[in-house]
Amino acid sequence: MRAAVVVFPGSNCDRDMVVALRQSGADVAKVWHKDADLPQGLDLVAVPGGFSFGDYLRCGAIAAQSPICRAVVDHANRGGYVLGVCNGFQVLSETGLVPGALMRNSGLKFLCKTVGLTVETQDSAFTAAYSQGSEIQVPIAHHDGNYYATEDELKALDSEDRVAFRYSDNPNGSMSSIAGVLSANRRVLGMMPHPERAMDAQMGSADGQALFRALVGQTTQA
Amino acid sequence: MKAIVTVMLKNGVLDPQGEAVKSALGGLGFSGVNSVRQGKLIELDLAEGTDPAQIDEMCNRLLVNAVIESYQLDIT
Amino acid sequence: MQHLIAIPTFPLPVNFRIRVQICTVRDDNLQDPVITPDLIAAHGLSPDEYDRILEIIGRDPSFTEIGIFSAMWNEHCSYKSSKKWLRTLPTEGPQVICGPGENAGVVDIGDGQAVIFKMESHNHPSYIEPYQGAATGVGGILRDVFTMGARPIAAMNSLSFGSPDHPKTKSLVSGVVAGVGGYGNCFGVPTIGGEVRFDPAYNGNCLVNAFAAGLADTDKIFYSAASGVGMPVVYLGAKTGRDGVGGATMASAEFDDTIEDKRPTVQVGDPFTEKRLMEATLELMATGAVISIQDMGAAGLTCSAVEMGDKGNLGVRLDLEKVPTRELNMTAYEMMLSESQERMLMVLKPELEEQAKAVFDKWDLDFAIVGETIAEDRFLIVMNGEVKADLPLKALSGTAPEYDRPWVETPAAEPLGDVPHIDPIDGLKMLISSPNYAAKQWVYEQYDSQVMADSLRTPGMGSGIVRVHGTQKALAFTSDVTPRYVAANPFEGGKQAVAEGYRNLTAVGALPLATTDNLNFGNPEKPEIMGQFVGAIKGIGAAVAALDMPIVSGNVSLYNETDGSGILPTPTIGAVGLIADADDAITGLAREGHMAILIGETNGHLGQSALLAEVFNRVEGDAPPVDLASEKKHGEFIRTNSAWVTACSDLSDGGLALAAFEMAEAANVGVSLDTEGTAELFGEDQARYLVACNFDQAEALLAAAGNLGVPATCVGRFGGTQVSFGAQQTELSELSTIFRNSFADAVT
Numbered sequence: 001m002r003a004a005v006v007v008f009p010g011s012n013c014d015r016d017m018v019v020a021l022r023q024s025g026a027d028v029a030k031v032w033h034k035d036a037d038l039p040q041g042l043d044l045v046a047v048p049g050g051f052s053f054g055d056y057l058r059c060g061a062i063a064a065q066s067p068i069c070r071a072v073v074d075h076a077n078r079g080g081y082v083l084g085v086c087n088g089f090q091v092l093s094e095t096g097l098v099p100g101a102l103m104r105n106s107g108l109k110f111l112c113k114t115v116g117l118t119v120e121t122q123d124s125a126f127t128a129a130y131s132q133g134s135e136i137q138v139p140i141a142h143h144d145g146n147y148y149a150t151e152d153e154l155k156a157l158d159s160e161d162r163v164a165f166r167y168s169d170n171p172n173g174s175m176s177s178i179a180g181v182l183s184a185n186r187r188v189l190g191m192m193p194h195p196e197r198a199m200d201a202q203m204g205s206a207d208g209q210a211l212f213r214a215l216v217g218q219t220t221q222a
Numbered sequence: 001m002k003a004i005v006t007v008m009l010k011n012g013v014l015d016p017q018g019e020a021v022k023s024a025l026g027g028l029g030f031s032g033v034n035s036v037r038q039g040k041l042i043e044l045d046l047a048e049g050t051d052p053a054q055i056d057e058m059c060n061r062l063l064v065n066a067v068i069e070s071y072q073l074d075i076t
Numbered sequence: 001m002q003h004l005i006a007i008p009t010f011p012l013p014v015n016f017r018i019r020v021q022i023c024t025v026r027d028d029n030l031q032d033p034v035i036t037p038d039l040i041a042a043h044g045l046s047p048d049e050y051d052r053i054l055e056i057i058g059r060d061p062s063f064t065e066i067g068i069f070s071a072m073w074n075e076h077c078s079y080k081s082s083k084k085w086l087r088t089l090p091t092e093g094p095q096v097i098c099g100p101g102e103n104a105g106v107v108d109i110g111d112g113q114a115v116i117f118k119m120e121s122h123n124h125p126s127y128i129e130p131y132q133g134a135a136t137g138v139g140g141i142l143r144d145v146f147t148m149g150a151r152p153i154a155a156m157n158s159l160s161f162g163s164p165d166h167p168k169t170k171s172l173v174s175g176v177v178a179g180v181g182g183y184g185n186c187f188g189v190p191t192i193g194g195e196v197r198f199d200p201a202y203n204g205n206c207l208v209n210a211f212a213a214g215l216a217d218t219d220k221i222f223y224s225a226a227s228g229v230g231m232p233v234v235y236l237g238a239k240t241g242r243d244g245v246g247g248a249t250m251a252s253a254e255f256d257d258t259i260e261d262k263r264p265t266v267q268v269g270d271p272f273t274e275k276r277l278m279e280a281t282l283e284l285m286a287t288g289a290v291i292s293i294q295d296m297g298a299a300g301l302t303c304s305a306v307e308m309g310d311k312g313n314l315g316v317r318l319d320l321e322k323v324p325t326r327e328l329n330m331t332a333y334e335m336m337l338s339e340s341q342e343r344m345l346m347v348l349k350p351e352l353e354e355q356a357k358a359v360f361d362k363w364d365l366d367f368a369i370v371g372e373t374i375a376e377d378r379f380l381i382v383m384n385g386e387v388k389a390d391l392p393l394k395a396l397s398g399t400a401p402e403y404d405r406p407w408v409e410t411p412a413a414e415p416l417g418d419v420p421h422i423d424p425i426d427g428l429k430m431l432i433s434s435p436n437y438a439a440k441q442w443v444y445e446q447y448d449s450q451v452m453a454d455s456l457r458t459p460g461m462g463s464g465i466v467r468v469h470g471t472q473k474a475l476a477f478t479s480d481v482t483p484r485y486v487a488a489n490p491f492e493g494g495k496q497a498v499a500e501g502y503r504n505l506t507a508v509g510a511l512p513l514a515t516t517d518n519l520n521f522g523n524p525e526k527p528e529i530m531g532q533f534v535g536a537i538k539g540i541g542a543a544v545a546a547l548d549m550p551i552v553s554g555n556v557s558l559y560n561e562t563d564g565s566g567i568l569p570t571p572t573i574g575a576v577g578l579i580a581d582a583d584d585a586i587t588g589l590a591r592e593g594h595m596a597i598l599i600g601e602t603n604g605h606l607g608q609s610a611l612l613a614e615v616f617n618r619v620e621g622d623a624p625p626v627d628l629a630s631e632k633k634h635g636e637f638i639r640t641n642s643a644w645v646t647a648c649s650d651l652s653d654g655g656l657a658l659a660a661f662e663m664a665e666a667a668n669v670g671v672s673l674d675t676e677g678t679a680e681l682f683g684e685d686q687a688r689y690l691v692a693c694n695f696d697q698a699e700a701l702l703a704a705a706g707n708l709g710v711p712a713t714c715v716g717r718f719g720g721t722q723v724s725f726g727a728q729q730t731e732l733s734e735l736s737t738i739f740r741n742s743f744a745d746a747v748t
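These protein sequence lines map, in sequence, to chains E, R and U.
Residue numbers for the first sequence follow my numbering, so the first one is 1 and each next one is one higher.
Residue numbers for the second sequence follow my numbering, so the first one is 1 and each next one is one higher.
Residue numbers for the third sequence follow my numbering, so the first one is 1 and each next one is one higher.
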């Protein structure tokens with residue numbers, strides 16, 4: 001499986017994402033935000049956490065307009081896999097690849113802690129290795145993770161089984177406790193929690209491994 | 001020429017910062033504050049004769065997230 | 001020689017110095033102000049110091065030159081009151097690669113790798129504008145670390161605030177914590193530990209001590225000494241504005257109630273620029289283009305340029321019109337004193353200039369050649385062809401005044417009166433209801449503690465631990481001081497701060513390596529304050545020598561006084577330890593059925609204890625004595641027998657009762673201790689640890705202790721759902737609720 005991790009000047013989870021993907025067997029390259037093209041023959045693009053452009057204006061807004069993001073949208077439109085974590089989710093929502101927007105946490109504070117997530121669907125390359133309804137432990141670290149979508153969007157997400165994860169105990173005011181959503185073709189996942197920080201029991205949780213293993217396995221076969 | 005873009009959360013979108021400011025005002029003893037909405041103001045210094053349609057495009061493509069925000073444009 | 005100044009015969013308003021700085025000249029057409037006694041005093045220069053300037057340069061200084069001298073000679077940059085005593089601290093050891101004097105200290109961690117760290121205060125700016133003050137404090141310390149070629153891997157903060165019910169405290173706490181988080185989170189360094197304390201003594205002066213540590217290869221460490229004549233001096237990073245003009249002088253001035261007027265001098269931080277500055281700097285270093293590098297911190301361009309020249313025995317010429325600025329009509333004075341953040345000065349190899357510029361273009365950062373190194377001992381500041389300052393460079397740092405301030409020894413504490421027996425459960429409840437001893441998750445959940453995905457232990461329980469990326473090694477970090485002890489007995493209190501750091505590192509299985517000190521005190525011109533300082537330094541020196549944790553970097557913050565009332569003496573010690581194999585770290589939790597083994601001797605010392613202060617509202621008695629030989633022996637015992645230790649905590653404030661409760665709370669399992677004696681439970685005797693382990697481990701541990709003559713006793717057992725001390729008991733869940741809510745209740 002060939003993967004690329006997008007690097008914006010303020011990305012700070014890019015290395016963590018590369019490590020997690022490599023640990024799961026992917027062949028990973030980093031791509032710079034000023035690049036207009038992705039490497040050839042790519043299966044997955046990961047948009048990592050951080051503060052892409054200082055999170056000025058709105059989180060992810062400036063990044064979503066960068067040259068590389070146009071290439072990421074094209075990749076997704078061709079049916080390629082895209083994973084956006086934390087700031088990456090914010091970027092994806094700004095590009096419109098996943099529905100909704102991420103607003104300031106309801107508590108108004110940055111929040112870093114390990115939270116319980118319920119796996120809502122097994123029907124995606126990202127979640128295939130979890131059992132539906134199971135609870136996994138994954139860290140969050142964000143100031144703007146409060147998921148908002150219109151009522152129609154929420155209905156569509158539910159009826160199409162596109163909510164990937166919900167918080168067991170909603171930490172940030174997200175609508176319907178949504179922590180991660182899938183695109184209509186189920187090949188783009190945006191999520192606020194950091195599965196790449198849950199790769200090793202020594203770090204407190206290894207529950208993120210299944211996401212990366214399933215993703216790498218699935219796309220390698222495909 | 002100058003363009004002032006006032007960006008507000010759309011009606012109906014919960015504004016936790018506005019809520020916090022409202023409760024802080026209440027805490028300071030100011031009564032009768034029915035609601036507080038917090039937005040942002042963006043000032044653009046533009047070349048004379050910039051097409052207003054182009055400014056609208058700036059708003060739609062970058063300055064405003066139409067999912068949650070609305071804006072008002074004042075050109076002087 | 002014409003002397004413009006006589007000793008002023010009229011009293012100057014206390015805050016006069018700052019007011020003048022705010023009204024600095026803003027218009028090119030205006031002449032520089034005339035040098036008057038008022039102006040000299042406003043720069044914090046004493047008449048004696050001014051005479052010395054005249055002696056050095058043999059003429060009247062220009063306005064810009066006055067600014068440069070004031071920046072170099074103020075307490076903050078020159079350490080003029082503390083230098084004499086700082087020299088006495090042990091700073092060497094086989095593990096030390098570079099001690100104090102550079103941007104940060106460098107310590108060997110084996111395999112060609114080094115940990116580079118420092119702690120620094122940003123107290124005054126944080127009191128004036130808590131968010132930006134704290135944020136730029138974090139920014140400054142991170143810059144100190146990556147300036148040396150190290151990628152920051154861990155941050156900590158030691159915060160001291162006034163009484164929670166003081167009208168300013170809540171906004172200071174929320175602003176400082178948000179500022180620390182806002183900067184570190186965006187920059188992308190995990191904040192893995194720290195302290196938060198409250199005491200009315202900090203009502204008018206909060207303390208924000210920021211620590212950062214980074215990792216580098218021992219053969220790729222960068223220093224500040226320039227070398228070679230005619231080498232380009234390059235300015236990197238953000239543009240220069242009028243931020244903090246006069247800030248370094250402010251940081252060394254006492255506060256009074258006109259403090260609100262001083263807001264304009266606070267600098268604003270931009271962590272996004274700093275992140276790019278770090279990436280660009282590290283990338284540039286890898287190209288081999290960097291000869292020397294210096295962070296622009298307090299008094300930016302002045303201090304950094306002088307330091308590079310001074311260490312390299314060279315002169316420096318700067319052409320100020322080449323400095324990237326973001327405000328119009330900036331004067332030479334303002335540029336030389338600006339404290340705009342996220343800036344660096346470098347001396348580059350001229351042949352690699354193009355390569356260097358490409359790196360900075362990639363990261364969209366300013367890069368400008370603003371001067372060159374020169375052979376003569378000169379600090380020559382030119383702006384548009386006009387000489388604004390022409391000073392002997394060596395004299396600027398080398399002849400900075402140094403004072404042997406008079407000091408008096410802190411009088412021995414009165415013996416402690418009777419302490420009544422207290423129901424130990426009530427005592428514990430009162431302790432954990434205080435924001436000083438309640439859980440601090442309200443604070444540390446606002447910090448990203450896991451970015452970089454190497455955090456093995458995040459804040460909340462003793463030392464933070466970070467894996468050395470890609471290796472089995474890990475580093476442990478802690479920051480400690482008990483200001484009450486230092487106030488009562490500076491010597492023992494200084495020792496104790498180091499000893500507690502040693503124990504916190506030991507309790508996670510780390511070998512203590514070295515320390516950084518951040519010495520926060522009141523006005524050193526008062527002999528009793530200077531006496532606290534001297535006593536604490538002697539104590540710290542004795543402890544770091546005995547425990548082999550040399551001081552490799554540090555910072556002194558004096559004049560922490562408001563309206564004549566000083567803070568508690570607060571010499572914060574940041575300590576770093578090495579865990580050779582992360583699998584051997586002691587990071588476990590107590591479990592049902594575990595034994596509670598107390599290592600060390602209990603005498604029931606209640607003087608200056610948390611119980612006395614929080615429950616009886618008495619600040620009395622002597623600080624607990626610290627027996628450094630026992631500290632060393634007991635620490636070595638824990639480390640060599642870590643196989644028998646599942647969970648471990650050092651005993652400090654709150655004694656056995658608080659340590660046992662915290663271990664039980666973290667594991668969500670009850671604990672019962674045999675004793676209900678107030679002094680046994682709440683005494684703060686030093687050199688003690690509480691260990692949780694199973695029966696077999698306990699047998700092995702007790703046997704090993706017996707053989708070595710280390711005091712070790714089984715004092716109870718973990719299990720069930722209750723906390724019980726002797727016959728008194730309550731549900732853990734009830735205590736847990738108090739413990740987890742009291743902090744937020746007190747500060748929001």
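If you are wondering where the hints come from, they were derived from the structure by calculation, not from laboratory data.
All figures in this text were calculated on a predicted structure; none of them were measured in a lab.
Be aware that one or more of the hints could be misleading.
Said to hold, decoys possible - Take a look, some chain E residues computed to stay more than 10 Å from chain U by CB distance:
no., residue
1, G49
2, G79
3, G133
Unchecked claim - Cross-link-like lysine-lysine pairs, in silico, DSS-like; alpha carbons within 25 Å at most:
no., chain 1, residue 1, chain 2, residue 2
4, U, K80, U, K526
5, U, K357, U, K220
6, E, K34, U, K362
7, U, K473, U, K538
8, U, K394, U, K440
9, U, K220, U, K84
10, U, K440, E, K113
11, U, K311, U, K83
12, U, K220, U, K473
13, U, K311, U, K349
14, U, K170, E, K113
15, U, K80, U, K220
16, U, K170, U, K440
17, U, K322, U, K362
18, R, K22, R, K10
19, U, K473, U, K168
20, E, K30, R, K2
21, U, K311, U, K220
22, U, K538, U, K83
23, U, K357, E, K30
24, U, K239, U, K80
25, U, K239, U, K357
26, U, K239, U, K322
27, E, K109, U, K168
28, U, K632, U, K473
29, R, K22, U, K170
30, R, K22, E, K34
31, U, K84, E, K34
32, E, K109, U, K440
Yeah, the Cβ is synthetic: ideal placement off N, Cα and C, and Gly gets one too.
Notebook entry, point to check: What hints, given by number in increasing order, does this structure fail?
Noted result: Per hint list: 1, 7, 8, 9, 15, 19, 20, 24, 30, 31 violated.
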